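Undergrad: Protein chains in written order, with this note's numbering: chain A, 985 to 1361; chain B, 985 to 1361; chain C, 985 to 1361; chain D, 985 to 1361.
Mixed in with the good hints there might be a few duds.
Said to hold, decoys possible - List of simulated lysine-lysine pairs, DSSO-like, C-alpha gap at most 27 Å: (1) K1152/C / K1250/C; (2) K1251/A / K1251/B; (3) K1012/D / K1042/D; (4) K1012/D / K1098/D; (5) K1042/B / K1067/B; (6) K1152/A / K1067/B; (7) K1222/A / K1250/B; (8) K1251/C / K1251/D.
Note that these hints are calculated values from the structure, not bench results.
Note that the coordinates shown come from a computational prediction; the quantities given were computed from them, not determined experimentally.
There are 4 protein chains.
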Amino acid sequence: MIAGIIGATGYAGSELTRLLAGHPKLEKLLLSSVSFEGDRIENVYPNFLGRISAALLKPEEVVREADLVFAALPGGVGEDFAKAAVERKIPFIDLSADFRFDDDEETFRAWYGKAYVHPELRKFSVYGLPELNRKRIRELAAAGPVIIGNPGCYPTGASLGLFPALAKGLAASGAGPVIVDSASGITGGGREPQRSYHFPECSDSVSPYKVGAHRHTPEISRNMEMMAGEAASPPETKFPAPSLVFTPHLAPMNRGILSTIYIPLKKDSGIHEGRPRPPAAGTEALAAEIRQLYLDFYRDEPFVRILPAGIYAATNRVRQSNYCDISVHLDHSGSMLIVVSAIDNMVKGAAGQAVQNMNIVMGFEENSGLAAIPALF
Amino acid sequence: MIAGIIGATGYAGSELTRLLAGHPKLEKLLLSSVSFEGDRIENVYPNFLGRISAALLKPEEVVREADLVFAALPGGVGEDFAKAAVERKIPFIDLSADFRFDDDEETFRAWYGKAYVHPELRKFSVYGLPELNRKRIRELAAAGPVIIGNPGCYPTGASLGLFPALAKGLAASGAGPVIVDSASGITGGGREPQRSYHFPECSDSVSPYKVGAHRHTPEISRNMEMMAGEAASPPETKFPAPSLVFTPHLAPMNRGILSTIYIPLKKDSGIHEGRPRPPAAGTEALAAEIRQLYLDFYRDEPFVRILPAGIYAATNRVRQSNYCDISVHLDHSGSMLIVVSAIDNMVKGAAGQAVQNMNIVMGFEENSGLAAIPALF
Amino acid sequence: MIAGIIGATGYAGSELTRLLAGHPKLEKLLLSSVSFEGDRIENVYPNFLGRISAALLKPEEVVREADLVFAALPGGVGEDFAKAAVERKIPFIDLSADFRFDDDEETFRAWYGKAYVHPELRKFSVYGLPELNRKRIRELAAAGPVIIGNPGCYPTGASLGLFPALAKGLAASGAGPVIVDSASGITGGGREPQRSYHFPECSDSVSPYKVGAHRHTPEISRNMEMMAGEAASPPETKFPAPSLVFTPHLAPMNRGILSTIYIPLKKDSGIHEGRPRPPAAGTEALAAEIRQLYLDFYRDEPFVRILPAGIYAATNRVRQSNYCDISVHLDHSGSMLIVVSAIDNMVKGAAGQAVQNMNIVMGFEENSGLAAIPALF
Amino acid sequence: MIAGIIGATGYAGSELTRLLAGHPKLEKLLLSSVSFEGDRIENVYPNFLGRISAALLKPEEVVREADLVFAALPGGVGEDFAKAAVERKIPFIDLSADFRFDDDEETFRAWYGKAYVHPELRKFSVYGLPELNRKRIRELAAAGPVIIGNPGCYPTGASLGLFPALAKGLAASGAGPVIVDSASGITGGGREPQRSYHFPECSDSVSPYKVGAHRHTPEISRNMEMMAGEAASPPETKFPAPSLVFTPHLAPMNRGILSTIYIPLKKDSGIHEGRPRPPAAGTEALAAEIRQLYLDFYRDEPFVRILPAGIYAATNRVRQSNYCDISVHLDHSGSMLIVVSAIDNMVKGAAGQAVQNMNIVMGFEENSGLAAIPALF
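Input sequences plus hints: build the corresponding full structure.
TA: In structure tokens, the structure reads:
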């Protein structure tokens, strides 16, 4: 099988290149880059020297010859290639936001400020969060050409942390919004040097950005809706999804997203009743029960790990792997579920998940090419 | 004036030493250390060479000769010295939690697992958050010996972010808890090497700790109660304080605490009503209004800076200073107030605030010895 | 094949565990730990959860059942196990310094302050730098039980940077010592928390340590002697090895050793003759020539990469891989060869090289289990 | 007194702004910026909010109204302003390389690729390393308008580490070159975002750059010549300066330069004579003697600290201060002097030294405005 990557020299593209070069099912990898067309990938990324050697072609050449195409391009740019792929009847896995909103072009337009280029392509597309949509991905892939809207980095960590609670109806109806407070490593900002990612401006410091205005908000929110609704389990727990508040932060690390997720368990007056006390035994028991529910929910998932009591999700434990680690906690009063998820933003949050989607689409073992055991340091 | 520091070789003690050595009103500094008694401070901290030179005495000697004593000791250890200071009628500024809970020994006992050593000392003590208690600090100091319970690091950043909203009654009654999600630099863990603070285990990673169980929870909660209650402004806005959820994280940086604070502005069903949209113009206007309210509220405070629209609080902008930077935002829907505060945990979160309290107690200019202009890097 | 690791819970041991768990030839992995005996590796390193699950046994059990044993123990502790392995006629790969000095117990004693426990074992042992000793390792392994003295981290990077220059007689005889100036990541200090590796004491800072007194000095020096002498190529270039000055530094990063190596090319008065000028064209030509010599010298080595002109060795380009990257330069005057080598101290500098040695001993492909493509970030 | 800064918004300019804003002798600070003309400094650096508030003027306005002008501009751009300052008979302190080479325009041209704009200005200029040239700076300033060529960052740390050894004739004549191996924090690269300083490309990694070709080479070399020659002490030790090899590295930290300096003490065959042994007692005694010589040499210098035996120079101990810390060592054989110097590249390596020069020129206390006590973290 020949895989192609359009946009191979950005950070997501280079991570895809690295993962695919180690994938046992691939015979050949075709790469393109607008910025470095005509050069070679190992000159742009000398860390690949001796291992990956490939000319950087025009995207058209890649789409024409590959059996499956990944696009790691800026938004909007990839739709023409998606169209070409559909015409060639080959799968197209898109890492931009272009195919994440299915029919809901209105939401896409409201947040991304532009219309779909080829709206009709959405009948071939599916949101590629395997834990939520594996079945649909398979069905679509079986039916013909498929376009995968590979999830955003924050939405991946946030949604996986929320799914069991929403599907099982843990979040109290009408008890206030779910809050997702996330911190991302600096690779999330991509390869282009900018002041915000200039070492002296971001090292040794933490700060939020785009508060109340980050484009991943509607993606997480839509996922919550599906998880509480159609994917609810059992179906009768289906209930109105909670509303969402999402705040991203930048933390001085290379990789990783940690999401601390607050899910109100019951209607709480929110009124201070006497000074807080440390968690009671009952709180610990309830936490254990919910942790078990999470364990059961994800039992068959190859890339979700529910951490045992006493271990907190941390980004360094998933480094360079496709895992999403989840730890389950309660606040001191036992009325707020606090779920913490950790992913590698470049792997499960981007390139790894794209490979996972390729594996599903092609009928490979789902962890083919994704077998890296995370190193702590 | 002679100041003394008991526990000068821990991180908070050494920071106090550094700040006081540059204080224009001090003639002499007496230091003690249990771990390094008999040695000299410049041997323990060679960064002080040529600038600070002092023998490390017994704590008793310090308390006997100083005109004012700071204690940067583990909890429980300092009460005897506080007693001795009261007997000598000199001010005592305690950086542990021992004197932060006033009469409420029960809450202290519940979280710290021990009783007050000398409960009767609380009639001399006051919680030393100047922005909240400046008047009481002055009154007590005027009346005789005073003990300052210097605030915890997280409670300082969290409370300053919350005060205007609570005092002015912005938080909707019964709309759910306030959430404080904080990230701290590693100096917060103190000078003793531990696995959690071992470079390879905490660098390049973010993770939470003590979720639902951190001892700063009741301190923040009590502050919220006072801010919404007795310190409410105007007094008729006094209303039941919101309940609190507090989650601390460790971030790979030396100094700083960033707190992202979620304050529900109105009763919200919390139910997802259609997909989110980017913030409307009205939302921006409301944010500007609340930002102005914060500006007015802190207009005379020397160490609180309300950041203009478009600037997010970041820990690197307060580095080595006594400032608390606050930025004011709303979520996309305009129903959640998101306040972000940044402090240097070692300065405004510990030693700097202790110096500020000394300045108040002694009638010095409040920013004496605290005039450092923060460097960005 | 069953491999065993004694001392699996230290950093080198855990890295070995991670690499071996992904090795295609291993059927089983037996682990021991003194500190955590009776516990499980995935509890000590939760990053292994779901991937590596093994009880932590007694070392005796491991030596008794394994087909090959790795020891990642403090110096001196492993010799008894080496003896047991020899008796069982299985290979023993030791990551301590115990078997790095062959017959030269005197040098070992001078620097490590103790005698060999079982001196007679040295007839089975060989210094395990494959690029230098591959042939002897194979011969010994063919002849019976073999003990590999796996090289130190600094000596690996330094020696690989020096080998071609010494073997080819580039270093001018009598032109002064070779200087190796190295910077290591903090994992080099091991897993035990210490002040030097406490995040606030070592982050955002660089400093040297053990100047003129580091134990890797005689190991590098002995390697230089062999490289200039018996391994010289062609043999007639054999010449007295240069003397050595070695200075290690600590840099605020997790992994990696960068060694900047100064090799005098000709007898230089060392006397300033007029002010320096930028490198002339001839200097660039000479650098290119030496770079080519390095390329030719290492042409068949699977883990040494000679970087093209214009690319400097950097630790991030070898991260988590077994590569040693080498860049070749000259000073402005063209009289000093400056070779820069970069390795991952935990992989090529410890666990990876141990696996490479296992592969040689067992006749596996030399890069089995070592196929990770380095990620830049 | 009114000071002016041309180029106030670069990193060196902003650090100057911060230091001068705290200087007790200044009444007013005038700032200019080409990139941000018309804006205000506190908008460009919000860390200054509430402390420094100044419009960003045209450089001409600054030069016209100030009593002393600092220029923190790219090379070549400042000469016209220097000329204007000389005409107004006010001191001009230039942080670029334009005035570092005095009459030696040829060397300047060779390395910087351009000629002096106003060569005649060199009769007013002096190289501003106070420890070397304090007397000449004072004389020139007394005689009329003076232009200070403020030293480069690397040359400052390197030269201060070399001065006593060269002035006292410790370096053996003809024993080979002096090697300066330095590591700099990323602020050294300035404020403009570039790939090399993009967080994911430089964090968690060390690498060299411009090997054999860095422009600070001739500046260090010229300083060595002066230190071994005209500034030799006693003058009869005057001897030909050693030649120089200089290698800069980038380390993942914000501030600081660590220079490890190798000075051959005697003519050494450089031939390996038997395997190395740990340093003998005599070596320690010799190191102590040289350390004492350094102490004596710098006894009256306010900003040079010779560290006691057992303490290694480290960049975190001089952070945000004008200190140069120096530790003195020998290699294991006692034939190579290894001096390690640490400075804050933004302070003693740039803005702090400029303030020190202003203090000398104006007859202020030399440490006015430079009294910050370094914090370890």
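Undergrad: Tell me, which hint numbers fail for this structure?
TA: Checked against the structure, the hints that fail are numbers 4, 6, while the rest are satisfied.
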